[in-house]
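Novice: Please build the complete structure, drawing on both the sequences and the hints.
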Amino acid sequence: MKLVKKGAEADIYVTTWNGQNSILKIRKKKDYRVNSLDIRIRTLRTIREAKMIYEVKSFGISTPIVYFVDEKKCEIYLQFIKGKLVRDLPMKQIVKICTDIGKIVGTLHKNGIMHGDLTTSNFILSQRGLVILDFGLSQKTDAIDDYAIDLRLFKEVLNSAHAQIVVGAWASFIQGYQSILGNTLTERIVNQVLVIEKRGRYANVV
Amino acid sequence: MLGLGIESTAHTFSCAIVEKKGKQGKILSDVRKIYRPPEGEGIHPREASRHHAEHSSEVLSECLRKSNVKIDDLDIISYAAGPGLGPCLRIGAVVARSLSSYYDIPIYPVNHALGHIELGKMLTGAKDPLVLLVSGGHTMILAFLSKKWRVFGETLDITVGQLLDQIGRHAGFASPCGPKIEELASKSIEYLPLPYVVKGNDVSFSGLLSATKRIIPKGIESACFSLQETAFSMMGEATERALAFTGKKELLVVGGVAANKRLSNILSSICARHHCKFFVAPKEYAGDCGSQISWIGLLESSKKPGVNLENTFVKQSWRLDTVEVLY
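So the protein lines, in turn, are chains A and B. Take the first sequence: its position 112, counting from 1, is numbered 112 in UniProt numbering, and each next residue is one higher. Take the second sequence: its position 28, counting from 1, is numbered 28 in UniProt numbering, and each next residue is one higher.
You can take every hint at face value.
Keeping only pairs whose Cα atoms sit at most 30 Å apart, straight-line, the calculated DSSO-like set for lysine-lysine is: (1) Lys110/A to Lys140/A; (2) Lys213/B to Lys198/A; (3) Lys199/B to Lys28/A.
Source of the hints: derived by calculation from the structure; they are not laboratory data.
Specialist: Structural data, given as C-alpha cells:
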C-alpha cells in the first residue's frame with residue numbers, strides 16, 4: 001500500500017482490491033477537531049460519497065466505481081484511474097478541457113446534484129476521457145443558489161490558481177455548461193453567481 | 001527611509017513610524033487609541049470617527065515623541081484608504097492629507113488588508129506563504145500569484161471576527177469580544193452540536209451564528225467552547241484544503257483573530273501534518289495598527305511616487321485581490 005496523496009480531507013493510497021488496482025481513500029481522524037464533531041463529519045462524508053457515486057453513475061457521469069465502503073473506519077476502496085490531474089495540464093489544454101468540465105457539471109446540476117468541491121484537482125484526464133472525483137461534499141438539491149455556489153467555487157479556483165487563463169477558461173466552462181442546461185437556466189444560475197459574489201466582503205461586482 | 005502610517009479603518013486610531021533599510025523594516029513607534037463601545041453594543045461609525053478625531057493629535061504627537069522623529073524627517077506618509085468604515089477612514093485621510101500638504105511630504109493611500117499580510121511577512125520572515133487573514137473585516141485564504149494576492153477561499157457571508165463579536169454582544173460583553181469568548185471557552189470541554197458549513201475552500205458562518213445564540217441558555221461556557229471549536233475547525237479544514245491544493249510550504253496567520261491561541265493550535269497541527277512551516281503574527285501587531293500601513297507605503301515608495309492630493313480618496317469597499325503589487 002503506497003501513499004500517493006495527503007489530501008486535506010483524506011489520505012489516498014494505491015492498493016489492490018480483489019486483484020484490481022485500487023485507490024483506498026481514508027478519512028483519518030483529525031486531532032484538532034472535537035471527537036464527536038470529527039466522527040460526525042467523517043462518517044457523513046464517507047457514506048455520502050459512496051451513495052452519490054452510485055447515483056451519478058446512473059446518469060452516465062464518469063467517476064471511479066466504488067468497490068467497498070467501511071463506514072466505521074471511514075474508508076472507501078475506489079477504482080484506480082490512470083491519468084493526469086487537470087490542474088497540472090498545460091494552460092492551453094486547461095482552457096480547452098473546461099468545456100468538458102462544464103458539460104459534466106451541467107449534467108450533475110440537471111439531475112439535481114451539486115458537487116461542492118469543484119477544483120481543477122478533482123478532475124482527471126484519462127485515456128477514456130475526463131473523470132470527476134471526490135463527492136464528499138456533494139449534496140442533492142434543487143436550489144439555484146446551490147448550483148451557483150458550485151460555479152462560484154470553480155470561478156474562484158480559476159481566478160486564484162489559474163489567474164493567467166481565467167477569462168478563456170471560464171468562457172469555455174460556460175460554453176459546455178450551457179450546452180447541457182440551455183440558455184435560460186444557465187443565465188439564471190450565472191446571475192445568481194453574481195448575487196453570491198455581492199454577498200461577499202467588500203465585493204464590488206459590476 | 002522613514003515612513004509615517006495612519007490607521008483608522010474601524011475601532012483603532014493608530015500612528016506608527018517605521019524605518020526601512022533595504023528590505024529590512026524596523027518599527028520605531030506604534031501608538032494606538034481604541035474606541036470602546038458600551039457593553040453589548042457594536043461600533044457606531046459616527047461615534048468611532050468622533051473618537052478618532054478627538055485623539056488624533058495626541059496619538060500623532062506621542063508617536064513622534066516615542067520614535068524621536070520630527071515631521072520634517074519623514075520621507076513619506078501613508079494612510080489606510082480602505083476597506084473600512086467611511087467616517088473612520090476619512091479621519092485618517094484628513095490627518096494624512098494635512099501633514100502631506102503642509103510639510104510637502106509624498107502621500108500614499110494603501111490597502112489595510114494588504115498591510116496585515118506584508119507586516120506579518122516582515123515580522124515573521126515568511127517568504128512565500130499561504131495566508132489566513134482573520135479579523136473583524138476579513139476571513140480569507142490567500143496566496144500570491146503573478147502580481148496579486150489571489151483568494152483561494154473566503155467567507156461567503158460574515159467574518160469570523162463578526163461571528164465572535166455578535167455572539168459576545170448578544171451575551172452582553174464589550175466589543176471586541178474575542179478574548180472574552182476565548183477565556184470562557186477554555187473553561188469547558190462540553191461540545192454541543194452546531195452547524196459545520198464548508199463549501200470547497202469557502203466557509204459560511206451565518207447559520208452557526210443563529211444556532212450558537214440558541215444554545216447560549218444551556219451554558220455560556222459550553223456555548224463559547226462549541227462555537228470556537230466549530231468555527232475554527234471549519235477554517236482549519238478550508239485552510240488545509242487550500243494548503244493541499246496549492247502545495248505551499250508556509251502558512252502565515254494575520255489579523256486580530258490570529259491572537260487566539262486555540263486557532264493557532266489547530267493551524268499548527270495542520271501544518272505539522274503537511275510538513276509546512278507555521279507563522280503567526282506577533283500578538284502586538286496581529287490586530288489593526290499604524291505599522292502595517294506605514295510598511296506598505298514604504299514598500300510602494302520603492303516602485304512608485306506618491307499620489308496627488310486630489311487622488312487621496314477613501315474606498316470603503318476595496319478588495320485586496322484588486323490591488324496590484326509591484327514590489
